[in-house]
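Enquirer: The chain contents come next:
Number of protein chains: 2
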Amino acid sequence: MNRMRLFTPGPTSVPEEVLLEMAKPVFHHRTQEYRTLFAAVNKNLQEVLQTKNPVVTIAGSGTAGFEAAMINTIPQGGSVLALSNGKFAERWVTIAKRNKCQVTELKAEYGHAVKPEAVAAALAGKKFDAVTLCHSETSTCTRNDLQAIAGLVRATDAILIVDGITSVGAIPVKPDEWGVDMLVTGSQKALMLPPGLAFVSVSEKARKKIETVVQPNLYLSLPHYLKSLAENDVPWTPAVTLVRGLNKALEMIVQEGMANVWRRTAGLARATRAAAVAMGLKVFSQDPVDSVTGIYYPAGFDDKAFRGALRKEFNMNTAAGQGSMEGKIFRISHMGYVDAPDTLGLISAIEVVMKKQGHQFTFGAGVAAAHQELATLAG
Amino acid sequence: MNRMRLFTPGPTSVPEEVLLEMAKPVFHHRTQEYRTLFAAVNKNLQEVLQTKNPVVTIAGSGTAGFEAAMINTIPQGGSVLALSNGKFAERWVTIAKRNKCQVTELKAEYGHAVKPEAVAAALAGKKFDAVTLCHSETSTCTRNDLQAIAGLVRATDAILIVDGITSVGAIPVKPDEWGVDMLVTGSQKALMLPPGLAFVSVSEKARKKIETVVQPNLYLSLPHYLKSLAENDVPWTPAVTLVRGLNKALEMIVQEGMANVWRRTAGLARATRAAAVAMGLKVFSQDPVDSVTGIYYPAGFDDKAFRGALRKEFNMNTAAGQGSMEGKIFRISHMGYVDAPDTLGLISAIEVVMKKQGHQFTFGAGVAAAHQELATLAG
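Respectively, the protein sequence lines represent chains D and Y.
Just so we're aligned, residue 534 is where the first sequence starts under this note's numbering, counting upward by one.
Just so we're aligned, residue 534 is where the second sequence starts under this note's numbering, counting upward by one.
Because the hints were derived from the structure by calculation, they are not lab data.
Please read all numbers here as calculations on a predicted model, not as lab measurements.
Errors might be hidden in some of the hints.
[What the hints assert, rightly or not] DEER-style ranges, computed between Cβ atoms:
no.	chain 1	residue 1	chain 2	residue 2	range
1	D	861	Y	790	49 to 55 Å
2	Y	575	D	575	33 to 39 Å
3	D	575	Y	841	24 to 30 Å
[Unchecked claim] DSSO-like, lysine-lysine: derived pairs with alpha carbons at most 30 Å apart:
no.	chain 1	residue 1	chain 2	residue 2
4	D	620	D	660
5	Y	781	D	557
6	Y	837	D	837
7	D	630	Y	741
8	Y	633	D	741
9	Y	640	D	760
10	D	738	Y	630
11	Y	576	D	837
12	D	633	Y	760
13	Y	837	D	557
14	D	620	Y	760
15	Y	557	D	845
16	D	557	Y	576
17	D	633	Y	660
[Unchecked claim] Per the computed footprint, the stretches of chain D lying under chain Y, defined by three or more beta-carbons under 8 Å from a beta-carbon of chain Y, are:
no.	segment
18	594 to 602
19	762 to 774
Even for Gly, the Cβ is constructed at its ideal location relative to N, Cα and C.
Please work from the sequences and hints to get the whole structure.
Expert: As structure tokens, then:
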């Protein structure tokens, strides 16, 4: 009777309080009751996204959110500088190309951050409508230096559209202070909700672009969302149960406080990386992000056998590598409803399975290293 | 302690079994567990939509579903015959126009069905890429003769895209038999779920159109959904909790049997219309649909005061009229998780409030008339 634990970088575990909130009878959304709920949600979304800009809520996946940000601000034939070092950044390039944008890709190797100097060089003397970037590239478990890059884009006419899907609520993001025009995130990561909602913040600079862009899509039309949002309303039928769960989850996050949430997430990530090193394993990313850790398998390890045993014997769910990283790494989330005991338990389980499957290391070294780091979280 | 009852034509009440199913811990969607769940869902969706064609599930509102159907099958600059007799049909015209389609609108007055003869005349000698139609126009509580219209469109090269958002699971719809190429529906109506999912069935004729159309949107790209669906998988992160609730709700519907569900819904609608007439009220639609009934207010009645009293005194939620019908009618849903006692209770409450607010009628006449009709449902 091992409790099921999700260490996948989305979906993540949802608190019981949130699950039960969503199990309450459904009510109608064209009511004062809904507008009151949505007003509370919108206020707390601004706190969690650390912005004073409006934050639009869309019923859909993170992909819907990022696509909404792009198609409403970049005119057909517009130009995009796409900073890319992983599978999710590549998806945003796909969207740009489908929308007939002229895309300049600035790539960094998987597992490496995009260098701000390279961004400065790519921007120099060029005019872009938008720059796109994954703050936390989930596929490679890598953090890009958003603050530095935002500082560069801010000085240009381009707007900066940031995939914060696994950074918001996990690592420090300060869009207003740094100059992020559109910050996109999803419900099923650090926000501790099931999948089904996407969020997009809209700066004044982005709003001005939106006013000039004509695009065909209705469902993802940001002017419609922004107009309704001003009255804490929605243009299309919202996913009421998820919004109600969101209200509860946001309350929990705001009560813990953003600085504390970031500190906890960073501590769990540090503990996991320290454990990996102590077990003779190598962390995949050269610029690791604290929301999700990728770890190389020892030579000869089989991804399905390893993660399958973690699931079968311990009811613990981790993620495989994606694309060319498949089979080479496994990934562990530190986002949302996860704490030190969960993480220590995971390290212990990883030790047991790794030992059984033939990796040579000092049994207990991972747990000891993790324990040292986790102790620093205790206060 | 009146139990809250939703008689709004979406969202509708969600069975407790479904709410609790959705409150179970979230699991990951890139797993065999999810594919097994989704396979069961897909099989039952075909039963409930009465089709052998694949049925795509999209995380989004019904608008997302209808837009997906249109943009993936109608090329830019393509031609659409839009049959229109209410607010929802008008929204589909908006989508067509945003997508630069050449739109021929064939309008019927609010509260009247679009005449098949008029459709035949509009089709004669013209070439359309698609014909769009609301089977059950929720705003006017009116049924269009889908079978007759589908028979006309079938003989042409156009595909027929049908808004079945308040018809599927409520009134007989037989897309394969009648010749409906794309049947769109949403979760929060007769499917007894919270809002957040849309469904689109895709015929072979529609699939051939899809193969020829290049459209920019990624999130609503049907080729991506269809490719994944063949393996009971999804292109983007699905709304896992809603899909799990859907599985439960579909099981309940299939167990009752489609013919029984249609019979129950029709009986509740008949009882409501009979009660209205017995109370000296007038049903709005000349061609009423059984999923939702619109009733004219007596002269001098105030919509907010009337529906507010129903809500405040009885915890019963009905819907206002939309657009030009606002203030003139109120609407009552018969879809999904609603039965004879609920409906009889609503009629009783309507009598109490109407009497109190000055409408002259024989007190008890509505309940007596409803009772006569509801008794026919008993077996």
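Enquirer: Determine which of the earlier numbered hints do not hold for this structure and return their numbers in increasing order.
Expert: Number 6 - this is the single hint that the structure violates.
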